[in-house]
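Colleague: Read off the chains here:
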Amino acid sequence: MTDPVSILVYIFIFPGFLFLAAYALFLAYLDRKIAARMQHRVGPPFFQPLADFIKMLGKEVINPAGVDWRLFDAIPLVALAAVMTAFLYVPVTGASPLSFPGDLVVVLYLMALPTMSLFLMGWLSRNIFSAIGGIRAVTQLFIYEVPFFLALLTPAIMAGSWSISEIVAWQQQNLWIVFFQPIGFIVALIGLQAKLERTPFDIPEAETEIVAGPWTELTGRRLAVMDLTLDISLVVGSALIAALFLGGPALPWTLNPAWLNSAAGFLLFLIKTLAVLLVISSIKVATGRIRIDQLNDIGWKYIASAALVQVGIVLVINYLWVAP
Amino acid sequence: MPEVVVSIGPQHPALKEPVNFKVIADGEKIVRLELDLSYNHRGIEKAAEQRNFIRVLPLLERVCGICSHSHATAFAKGVEEIMGLEIPPRARYIRTIIAELERMHSHLLWLGVAAHEIGFNTLFMWTWRDRETVQDTLEEMSGNRVHYGMNEIGGVRRDLTPAQVAAALERLPVLEERIRQYVGMVNSEETMLIRFRGVGKMSREEALKYGAVGPTARASGVDYDVRRDDPYLAYAEIPWNVVTDTHGDVYGRTRVRIGELWESTQIVRHCLENLPESPIRIDTPKNAPKGEILSRYEAPRGELAHFIRTNGTDRVERVDIRTPTLANWTSVAACLVNQNIADIPVIVAAIDPCLSCTSRLTVAKKDDRGSR
Amino acid sequence: MIKPVTQETIIERMRAFGTVEQVRKNRIQVRTIPDKLHDAITTSQAMLGFDRLVTISTVDNGETFELLYHLIGPLRFIMSLSVELPRNQATITTVSDILPPAGIYERQIHDLFGIVFEGHPGLKKIILNEDWPENEHPLRKDWKPGPDTFYGGIRVERRQTDA
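Heads up: the sequence lines are chains A, B and C, in that order.
According to the numbering used here, the first sequence is numbered sequentially starting from 1.
According to the numbering used here, the second sequence is numbered sequentially starting from 1.
According to the numbering used here, the third sequence is numbered sequentially starting from 1.
Extracted from the complex, chain A is given alone in its bound form:
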């Protein structure tokens, strides 16, 4: 798959830009519907996120006084571009054609860019609530990134490679990594919840305390783009966890016609990401928001230590049983 046409199709149509946006909107709808049903409400109809996106593109864009509007326009686009690029390296129907050794690290780096852009928006907004929200976003980034990275790098250690597609291939020949690393799986889920800034970690956007934090001055198409970025991060995050821990889009055996293999892989991808979404939505519904200093406490005392323990276990297993 190295000819330019199929690479362009991969990037822009499937599973790139268009499919990604559509799937992100679908997962956003599912998330809201699950939350609503758990809260004894009806919930939105299935095209609601798409309707919200289109409506917001048409709304008036307000530039606060004294703010550089070109930066305000550019920063959400940078965030969107970052997460979309990250998705290119995640296996959707089998190995990604753009994979290279080390793409796990690139994906993790790109996933951190939306939080940085939120911080910049908060800082540039020139109001106290956004500034506090931006600072909280970056503080939260420091607290959860360490355990999150550790939890996602342990599958790499076990599989002996830094490329996501090769980790998936390793799981195809052995067991799913979640059976070796349950602690890492849980830490990764918690870290994903914190990265997506959902309860109990939606501290930067704490509606009842600081209005909307760094999101306060985002209006119109900028808000549409940032919302889409957050939804796409949900897809990328769950796809990453599904690929690294749950075996990704690969059956334990290879089916003969290549297209059947791809189709089966795609189906597995959908099922596994939906399973991760179900868990994440349940966490969001069942908890309240904690304070930033309490997150500091919990993050360093329990979550980071759990991740370190997991790394230790993986090194031991590697040394004793897995062939180098």
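Hint data in this document are derived by calculation from the structure and do not stem from the laboratory.
Take these hints with a grain of salt, some might be off.
In silico DSSO-like cross-links for lysine-lysine, where the CA-CA straight-line distance does not exceed 30 Å [unchecked claim]: (1) B/Lys-201 to C/Lys-125; (2) C/Lys-124 to B/Lys-46; (3) C/Lys-125 to B/Lys-22; (4) C/Lys-141 to B/Lys-286; (5) C/Lys-124 to C/Lys-141; (6) C/Lys-144 to B/Lys-290; (7) C/Lys-36 to C/Lys-124; (8) B/Lys-29 to A/Lys-301; (9) B/Lys-46 to C/Lys-141; (10) B/Lys-201 to B/Lys-29; (11) C/Lys-124 to C/Lys-144; (12) B/Lys-22 to C/Lys-124; (13) C/Lys-141 to B/Lys-290; (14) C/Lys-36 to B/Lys-290; (15) B/Lys-22 to B/Lys-201; (16) C/Lys-125 to B/Lys-46; (17) B/Lys-46 to C/Lys-144; (18) B/Lys-29 to C/Lys-125; (19) B/Lys-46 to B/Lys-290; (20) B/Lys-29 to B/Lys-209; (21) B/Lys-209 to C/Lys-124; (22) C/Lys-144 to B/Lys-286; (23) B/Lys-201 to C/Lys-124; (24) A/Lys-33 to A/Lys-55; (25) B/Lys-201 to A/Lys-301; (26) C/Lys-36 to B/Lys-209; (27) C/Lys-125 to B/Lys-209; (28) B/Lys-29 to C/Lys-124.
The calculated label-pair distances, taken between Cβ atoms and stated as ranges, are [said to hold, decoys possible]: (29) B/Glu-190 to C/Thr-9: 47 to 55 Å; (30) C/Thr-93 to A/Trp-69: 53 to 61 Å; (31) B/Ile-54 to C/Lys-144: 21 to 29 Å; (32) A/Ile-62 to B/Asp-159: 50 to 58 Å; (33) C/Lys-124 to B/Glu-206: 18 to 26 Å; (34) B/Glu-140 to C/Thr-9: 49 to 57 Å; (35) A/Trp-69 to B/Glu-49: 54 to 62 Å.
Where chain B lies over chain A, by a calculated footprint (3+ residues, C-beta under 8 Å) [stated by the list, open to error]: (36) 39-47; (37) 281-287.
The beta-carbon is built from N, C-alpha and C at its ideal position, and this holds for glycine as well.
Once you have looked at the hints, place chains B and C on chain A.
Modeller: Here is chains B and C on its own, set in the frame of chain A:
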């Protein structure tokens, strides 16, 4: 960070009604607090001096939406005492039923609001769903979800039919079961516990010194409830308990309010099952004799005091309303110092502020110039 | 207090400060003068157990303002201490040093009636908006809103073309 003024209000998602807290903060800790309560000022006390007794009751009911029956009943029972009247037992029981139903809907509303302040939207949705059950009962009995209009000087205006009584009794077991669930939830849900425990702590001495009333004071161990200490309506004839707690923080206040919810269901059940047969109102003279009274009532938020002075006509000379929220503000300002900014909504919500009650006056001019 | 305090004791003690009258079964009214008010409150707090202030009510009696301090204690009696202030010289010392909740009530009364409380830590506007004009005290009986005074808020001008 040097000192920063974070202005919470007058428009803010944490506040249900406009108030302006100018919080002077150092990083995330609060140093000082300045208060401005003027946003809901509507001119009720002055307007009440110009209306006769029939017209003043609907005005006083509209001091506040959630504690509307409290204001109307406190005024009505005050004037009745000046006139020296004793209202019939059925009227007293009906007033008690509506009062306790109002307490239930107010506490359920508060529980939802407190959960929303900490971002726990699921509990918010569930408690407000149960609040709808109470509102359905109130609507059946009085025709309205708030501002019931049940009181008049000398009794109540509407009677309860046996069908309404039966329907209300049927809804009670559902509420009781859900309240038991909330008790379990408050005691075991981790995120609620860590946001509520230790936040806004007020010791018993501080509660007494700053004059806190209602569930805010009872959560710090001050055993004071107007329904027991100065009985009125039917409370002396019904077995019920005062709920206190010793924690003194927002967690204690939550426990007190949920305990009161439970007590209210029992009181309502007792009243509905034992409703005496009698007329519901008596005839009253048009003018009240000269006199004055301090009429106290236990509103959902605490002790409500109406000071009424009459002068022999059919209007009051002065009605001075001291709402429980006004009494609690001093204690809020005192226990907010040295807490985090993130806790301000939780602490303010824990005293259950009702700013419509607190600031009551403005002036509306009827001329052709639009608003002032 | 070793011996139990009864109604007679209360009436007797407070007689030292002014006239005492028992209006209804558990209400006691004491009329006193502004100079003795502080001592009256301190005595009732310390000796008789009336340590909670319910509210401070004001009535405009034409020539005078009457301030009523309602105190309650664990004895189920309500004691109202009333003082009268002449209208043109409405000042009195504050009681917020012995009764902290009084601070907020005094601020409110100052806004609405114009009574000045000497020694109060901060008599800023609390219940009227910040741009309310000075010296307009709404709850006085002789106050009517002036037709051309601007009472703060947002000015709305009606245009000729509006219906």
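Colleague: Now, for every hint given, state plainly whether the structure supports it.
Modeller: Tested hints:
1. With a C-alpha separation of about 28 Å, the suggested pairing of B/Lys-201 with C/Lys-125 holds against the 30 Å cut-off.
2. Between C/Lys-124 and B/Lys-46 the alpha-carbon distance is near 22 Å, which keeps this suggested pair within the 30 Å criterion.
3. Distance hint between C/Lys-125 and B/Lys-22 is fulfilled; the C-alpha atoms sit about 14 Å from each other, no more than 30 Å.
4. Taking the CA atoms of C/Lys-141 and B/Lys-286, the gap is about 23 Å. The hint holds against a cut of 30 Å.
5. Between C/Lys-124 and C/Lys-141, the direct Cα distance comes to roughly 23 Å. Compliance with the 30 Å bound is thereby established for this hinted pair.
6. For a cut-off of 30 Å, the pair hint linking C/Lys-144 to B/Lys-290 stands: about 26 Å separates their Cα positions.
7. For the given pair, C/Lys-36 sits about 26 Å from C/Lys-124 by alpha-carbon distance, which is consistent with the 30 Å threshold.
8. Distance restraint check for B/Lys-29 and A/Lys-301: the Cα-Cα separation of roughly 23 Å lies within the 30 Å cut-off, and the hinted pair is therefore satisfied.
9. Restraint check for B/Lys-46 and C/Lys-141: the C-alpha separation of about 9 Å stays at or below 30 Å, so the hint holds.
10. For the hint pairing B/Lys-201 with B/Lys-29, the CA-to-CA distance comes to about 15 Å; that is within 30 Å, so the pair holds.
11. Restraint check for C/Lys-124 and C/Lys-144: satisfied, since their Cα atoms lie roughly 23 Å apart, inside the 30 Å limit.
12. For the suggested pair B/Lys-22 and C/Lys-124, the alpha carbons sit about 14 Å apart, so the restraint of at most 30 Å is met.
13. With a C-alpha separation of about 18 Å, the suggested pair C/Lys-141 and B/Lys-290 falls inside the 30 Å cut-off, and the hint holds.
14. Only pairs whose Cα atoms come within 30 Å are accepted, and C/Lys-36 paired with B/Lys-290 is accepted, the gap being roughly 27 Å.
15. Restraint check for B/Lys-22 and B/Lys-201: satisfied, since their Cα atoms lie roughly 21 Å apart, inside the 30 Å limit.
16. About 18 Å separates the Cα atoms of C/Lys-125 and B/Lys-46, which keeps this hinted pair within 30 Å; it holds.
17. Between B/Lys-46 and C/Lys-144 the CA atoms are separated by roughly 11 Å; this keeps the pair inside 30 Å, and the hint holds.
18. Note on B/Lys-29 and C/Lys-125: the hinted pairing holds, with a Cα-Cα distance of about 26 Å set against a maximum of 30 Å.
19. Our distance criterion of 30 Å between C-alpha atoms is met by B/Lys-46 and B/Lys-290, whose separation comes to about 19 Å.
20. Distance hint between B/Lys-29 and B/Lys-209 is fulfilled; the C-alpha atoms sit about 24 Å from each other, no more than 30 Å.
21. Distance hint between B/Lys-209 and C/Lys-124 is fulfilled; the C-alpha atoms sit about 22 Å from each other, no more than 30 Å.
22. Distance restraint check for C/Lys-144 and B/Lys-286: the Cα-Cα separation of roughly 28 Å lies within the 30 Å cut-off, and the hinted pair is therefore satisfied.
23. Only pairs whose Cα atoms come within 30 Å are accepted, and B/Lys-201 paired with C/Lys-124 is accepted, the gap being roughly 28 Å.
24. Restraint check for A/Lys-33 and A/Lys-55: the C-alpha separation of about 20 Å stays at or below 30 Å, so the hint holds.
25. Note on B/Lys-201 and A/Lys-301: the hinted pairing holds, with a Cα-Cα distance of about 26 Å set against a maximum of 30 Å.
26. Proximity of C/Lys-36 to B/Lys-209 is assessed by CA-CA distance (about 23 Å); at most 30 Å being required, the pair is judged to hold.
27. Our distance criterion of 30 Å between C-alpha atoms is met by C/Lys-125 and B/Lys-209, whose separation comes to about 24 Å.
28. Of the supplied pair hints, the one linking B/Lys-29 and C/Lys-124 holds, its CA atoms being roughly 25 Å apart against a limit of 30 Å.
29. B/Glu-190 and C/Thr-9 have their C-beta atoms about 54 Å apart, which keeps the hinted 47 to 55 Å range intact.
30. The hinted window of 53 to 61 Å between C/Thr-93 and A/Trp-69 holds, with their beta carbons roughly 58 Å apart.
31. Here the CB-CB span from B/Ile-54 to C/Lys-144 is close to 25 Å, well matched to the stated 21 to 29 Å.
32. The hinted window of 50 to 58 Å between A/Ile-62 and B/Asp-159 holds, with their beta carbons roughly 56 Å apart.
33. Taken as a hint, the range 18 to 26 Å holds for the pair C/Lys-124 and B/Glu-206, whose Cβ atoms sit roughly 24 Å apart.
34. Taking the beta carbon of each, B/Glu-140 and C/Thr-9 are about 51 Å apart, inside 49 to 57 Å as hinted.
35. A hinted range of 54 to 62 Å holds for the C-beta pair A/Trp-69 and B/Glu-49, which are about 55 Å apart.
36. Note: the stretch 39-47 of chain A has 3 residues with beta-carbon separation from chain B under 8 Å; the three-residue rule is met and the coverage holds.
37. Coverage of a stretch by a chain is defined here by at least three residues with a beta carbon nearer than 8 Å to that chain's beta carbons; for the stretch 281-287 of chain A and chain B the count is 3, and the condition holds.
Against the hints set out earlier in the document, no violation occurs for any number.
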